[in-house]
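Student: Here are the chains, one letter per residue:
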Amino acid sequence: MRLRRILIGLLAPVFAIVLALVVSSLAVLLIHQSPVAAFKDMAQFGIRTDSLIYTVNTAIPLFLSGLAVAIGFKMGLFNIGVEGQYTLAALLAAYVGARVALPAVLHVAFILLVAMIVGAVLAGAAGALKVTRGVHEVISTIMLNYIALGVTGYLLRTRLSQHNPPGDSVTKTKLLPASGVLPSLTRVLHSLGVHPPLGSDLYGFLPIAIAVGVAYYILVWRTGFGYDLRATGVNAAAAQVSGVNPGQMIMKTMLLSGAIAGLVGMPELLGVFHRYSIEFTTGLGFTGIAVALVGRNNPVGIAFAALLFGFLERSAQILDLEGIPKEIAVIMQGVIILSVVIAYEVVRRVVQAQEVRAAAEKSKGLGPTPREEDAA
Amino acid sequence: MKEIAARRLPTNRRGRLVRAAMLMVLVLLALSFVRLVTHASDLTSSGTFSATLRVSIPILLAALGGLYAERAGVVNIGLEGMMILGTWFGAWAGWHWGPWTGVLVGVMGGAAGGLLHAVATVTFGIDHIVSGVAINILAAGATRFLSVVAYTNVSGAGITQSPHVNGTIGELTLPVLAGGRFFGLKTPDFLGWLERQHWFFVSDLGALGKGLTAQVSLLTLLAVALIPLTYWLLWRTPFGLRLRSVGEHPMAAESLGVPVYTMKYIAVTISGALAGLGGVFLVLEEAGIYREGQVGGRGFIGLAALIFGNWRPGGVVVGAGLFGYSDALQLRSNTSIHGLLLFIAIAAAAVGLWFLIRSRVTTGVAAVVVASLVFWWFAGTKAVPDEFISITPYVVTLLVLAVAAQRLRPPAADGRPYRKGQAQ
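Going down the list, the protein sequences come from chains S and P.
Residue numbering for the first sequence follows the numbering used here, starting at 719 and increasing by one per position.
Residue numbering for the second sequence follows the numbering used here, starting at 26 and increasing by one per position.
The hints are simulated quantities; they were obtained by calculation from the structure and are not laboratory data.
Treat the hints with care, since some could be wrong.
Said to hold, decoys possible - EDC-like mimics (lysine to aspartate or glutamate), calculated; alpha carbons at most 20 Å apart, straight line:
1. P:Lys407 x P:Glu196
2. S:Lys890 x S:Glu997
3. S:Lys890 x P:Asp411
4. S:Lys892 x S:Glu997
5. S:Lys758 x S:Glu1040
6. P:Lys445 x S:Asp1038
7. S:Lys758 x S:Asp1038
8. P:Lys445 x P:Glu273
9. S:Lys890 x P:Asp67
Remember, it's a predicted structure, so these values are computed and weren't measured experimentally.
Build the full structure now, drawing on both the sequences and the hints.
Tutor: Put into C-alpha cells, the structure is as follows:
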C-alpha cells in the first residue's frame, strides 16, 4: 500500500516532465529541427562538471525563493512579493554590510540578518494589512512588489550608490570588505576529487541553503507551530475552533516567509558580486513560486524542482549553437508548472476516490454506505 | 412592498450618479486651483487628458476582463500573461495582414490564455492563483520563443521586438467643438480656444473636453463602448444574471439549472479576450511594435483597478482613469507631478475632514497627517523622483484598500474552486 502511494505520488511529476518533453518536441519540430538531437545535446552539455556547478549555483537562490513561497502555501497564504522582498533586502544588506567592520563570520551573519529583517518587514506589512484591514495578501504583495522595486531603484540611483570613478557608469553600492564575503567551495570540491574548470566556482552559500531547508522541514513538520500551520492550511475553520489564532498565524508566517525571501539575493551578493548593482539577477521571486508549486511545498521536492529549473536553463544554452532557440527551456518550465499542478490535482482526486471506495468496502453491512460522489 | 423597491432603486442610482458628478467637479476645481498656484499647466492640459485616455484604455480593458472572470467566481491573476499573448499575436498578425486583423488575432491570443485558465481552474479545479501565476510565466516564455521563431531573420525585428504593424488604425476628431474635419471642411476648434484662455475652471473643462474628443483612435472608441456594453450585459440580461449568480453562489445557481462550468468557461474566455485586446491596444499605440516587457505590469494594475472599483464597471472606470492619469502626467512633465503633490495634500485633507465630521477619528487624523506630510514634501522640494511616480498607482491602491477594504464586496464565491454536484 505504501509503495503504491509513493508510485502514485511519482506519477504526477513524471507525467509533467513527459508532457513538457512532448510540447517542447513539437516546438522544436515547428522550426524543422530534430527534438531527439536537441535533447541529446542538452543532456550531454548539462552533465559536464562546470554545467553541474552552474546548475547548483542557479538552484540555490531558487530553492530559497521556493521555500519562502512554500511556507505561506502550507497555510494557504500567497506571498507573491518575494521578488520585491529579496531585491530591496539585497540592496540594503549590501549597503549596510559595506559600512560596518566586523570579524569574518559575524560580518556575514550580520549581512544575512539585515537581509532577513528587510524581507520580513516587507512581507510583514502585507500580513499586517491582512490581519488588521482585511486586505487580501495576493493584492498587497503584488503592490508591495512594485513599490519595493521602485524604492530599490530610487535608493540605488540617488542615496546608496558609491561615487564611481570617471568612465564607470554602472550604479552600484560600495564593495563589501573581505570579512563580509563567503569563499567558494572549490577547495571542498578538490578534496572530494572533483576539479572544476577555471572560472566555475560552487557558491559558498550552499551549506547555509541546506541548513535553511532543514530548518524549514523541522519547523513545519516537527513543531507545534508547524502543526498549527498545516492544520490552518488544510482547514482554517477547524484550526481556529481548535484554538489557533488566525491573525497571529498569518503574521508569523508572513514574517518567516519574508525572512527567507530576504536570503534569496545573498548567494549572489556574498558569492559573486560582493555589492548590489543593476547586474543582479531578477525574476527569482516569480520563478520561486513555480519552484514551490512543482516541489509541492516539500523541502526535498523544492530542491529537486530548483535543480531541474537550473539544469534546464543551463543545458538549453547549448541549443543556440545548434540553431535552436534556448528559450525552449522557458516553455518547458511553463508547461511543467501547469501540468504538474494539474496532474497532482487529478492524482489527489483519484486517491481520494479510492480511499472512499476502500472505506465503503470495509464498512459494508455496518450501516449506510458513504456516497462516492461526495469525494468527487 | 414591490412598489417601494421599484421606487427606491432608481433614486439610489440617480443619487449615486449625482454624487459621482459632484465629486468630479470638485476634483477638477481642486486641480484647476493647483494649476493656478503652481503654474503646472500640464496638470489639466488637453494633451494630458488625451494621454490619460490612451494610457487608461489598456488598464481599463484588463480590469473589465478581470470583472467578467471574477463576477463568475474565477480570480484571474493571469491577466498579465493574457495581455502579453495579446501584444505578441496582435503585432504578429498586424505585421502580416494589417491592424484590424491584428486586433482580431490578438484578442484570440488573449482568449486562448483565458481558455487555458478556464481548463485549469474549472475543469481541473486548480487553485486560481496558482494557475494564473503559471499562465503568466508560460506566456512570457512562449512569446519569447515565438519571437525567436518568427523574427530571427526579419529586418527591423529581433527576439525582443516585432516589425511594424502594417498600416494604422484610424483616428477621429469631433467637428466644431474640437476642430475636426466635417465633409472635408475644417471646423473651428472651440474647446481648444477655450483651453488657451487659461481661465479658472472653464479652460480646464474645455481642455478635458478637447482631450477626450480630439484624435481619438477607433480602437479607443471601441474600448469605451465596451463599458456600457459590459454593464448592460452583466446587470441587465439573463445571461449576466446567470454569470453573476455563478460567482455569488454556484450551488444555488446549479440547483436552478444554470450550467455553472459553461458560464465560468465563457466568462474566463471573455476575460482573456479583453486582456488580449488591451495588449493589442498597447502595440498599436506604441508605434505598432511589439516589445518584450511591453505590458509591464498593466495586467496587475488592471486587477488593482478592479478591486479599487469594487468589482463594478463604474468603479473600474474611475480606477483605470486614476492610474492612467498618474501615468500620463509622468509621461508629460515632472513639474506637473510636483504640482500634483499639492493636489494630493488638499484631497487627503478633505478626506480627513470628512472622516472627522463622521466621527471616525483615527482614520480622519491619519488622513490629515498624510496631508500635512505630503504638503511638507511639496513645499520642501522642487521635483519628484521618477521612481516614486511609477509606484503611485500601487501606493494609492494599497491606501484605498487599507482604508476601505471592509467596505469592498467581492463576489461571494470569488476564487473558490467549485466541483459539479457539490450542491447535494
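Student: Does lysine 890 of chain S pair with glutamate 997 of chain S here, judged by a C-alpha cut-off of 20 Å?
Tutor: holds, 9 Å
Student: Is lysine 890 of chain S close enough to aspartate 67 of chain P, meaning Cα to Cα at most 20 Å?
Tutor: Violated: lysine 890 of chain S and aspartate 67 of chain P sit about 35 Å apart, past 20 Å.
Student: Hinted pair, alpha-carbon criterion (20 Å max): lysine 445 of chain P, aspartate 1038 of chain S. Please report holds or violated.
Tutor: violated, 47 Å
Student: Can the restraint linking lysine 892 of chain S and glutamate 997 of chain S be considered satisfied, given a maximum Cα separation of 20 Å?
Tutor: holds, 14 Å
Student: Checking one constraint from the list: CA of lysine 758 of chain S to CA of glutamate 1040 of chain S, max 20 Å. Satisfied?
Tutor: holds, 12 Å
Student: When you check the alpha-carbon spacing of lysine 407 of chain P and glutamate 196 of chain P, does it fall within 20 Å?
Tutor: Roughly 37 Å between the alpha carbons, so the hint for lysine 407 of chain P and glutamate 196 of chain P is violated.
Student: Take the C-alpha atoms of lysine 445 of chain P and glutamate 273 of chain P, compute the straight-line distance between them, and say whether it is at most 20 Å.
Tutor: Given pair lysine 445 of chain P, glutamate 273 of chain P holds - Cα atoms ~15 Å apart, limit 20 Å.
Student: Taking only the CA atoms, is the gap from lysine 890 of chain S to aspartate 411 of chain P under or equal to 20 Å?
Tutor: holds, 19 Å
Student: Are the Cα positions of lysine 758 of chain S and aspartate 1038 of chain S separated by 20 Å at most?
Tutor: Measuring from Cα to Cα gives roughly 14 Å; hence the hint holds.
In summary, the structure is inconsistent with hints 1, 6, 9 from the numbered list given earlier, while agreeing with the others.
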